[in-house]
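Chains as they are written, first to last, in our numbering: chain X, 63 to 173; chain U, 945 to 1059.
FYI, nobody ran anything at the bench for these hints, they're computed from the structure.
As the structure is a prediction and not an experimental result, all values here were calculated from the model.
Using N, Cα and C, we set each Cβ at its ideal position, and we do this for glycine too.
There may be inaccurate statements among the hints.
[Claimed, not checked] For each label pair, taking beta carbons as the anchor points, the in silico distance ranges come out as:
| hint | chain 1 | residue 1 | chain 2 | residue 2 | range |
| --- | --- | --- | --- | --- | --- |
| 1 | U | Glu-1040 | X | Asn-86 | 26 to 34 Å |
| 2 | U | Leu-983 | X | Arg-122 | 22 to 30 Å |
| 3 | U | Ser-1010 | X | Thr-135 | 21 to 29 Å |
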Amino acid sequence: ELKVEQNPLFLSMQEGKNYTIYCNYSTTSDRLYWYRQDPGKSLESLFVLLSNGAVKQEGRLMASLDTKARLSTLHITAAVHDLSATYFCAADGGATNKLIFGTGTLLAVQP
Amino acid sequence: EPEVTQTPSHQVTQMGQEVILRCVPISNHLYFYWYRQILGQKVEFLVSFYNNEISEKSEIFDDQFSVERPDGSNFTLKIRSTKLEDSAMYFCASSETVGAMDTQYFGPGTRLTVL
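Construct the entire structure; sequences and hints are all you get.
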C-alpha cells in the first residue's frame, strides 16, 4: 500500500530565507504532485513530476524528484509572506490516478 | 479558465440524515474523483469514477456512500445516513485523462457539518 510522508509538518521561516520540504513515498509511483492550499480554500496544482531527476521551477518554488530514493523535494528560495500556505505532496496511487496525499507542511513566512 | 465547481459551499445536517454533495467537473474531463479532508488532517481519496462507473474506491467509501453522474454535467456524492465522523471538507476533482501529464483539478470544496 502506497504511503506518503512529508516533513516537516510545520515550518516557520523568515522572509528572504531558503528552505526545503521533503516528501517520501513508500512504493513505486508514476507521478508526484505538489499542491498548495490556502486556509479554507481548495488545492491549487503547483507541479507534476514524472521522471527520475525531473526538476521544475515556478517563481521561488522548485520541485525535484528522485524515483530511486522515492523522494521529492520542494525548495523555497528567498521566501516571501505570500508563500504562507499548506503544501501537500501527493503520489499517483495506480491505474485510476487516485492521489495519495502526504500529511502537508504548514509554511508560515514571517516578515 | 475552466474550473470545477461545487455546491453547496457549506452543508449542516443532523446525524442520520441523507446529504447530496454536487459537483460540476470541467466540461471535457472524463475522470472524476471525490476526496475528503477532516479538519487539520490530510486529504484522503474516496472514489474515482469513469465511464459511468466506479473505477476504484477506498475503505472509507462504504455502503453509506454512493456516486452518480445523473446527467452530462453533474457528479454527485450521496451519504445515506450521516455520522458525526463524516464531518469534513469534501473535494471533487476531475482530470481529462489519466495520462502522464494530467493533473487533477480540485473544486472549492463543500464543508459538511454533521450535528
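- Item | Violated hints - listed by number, lowest first | Hint 3 contradicted; others consistent.
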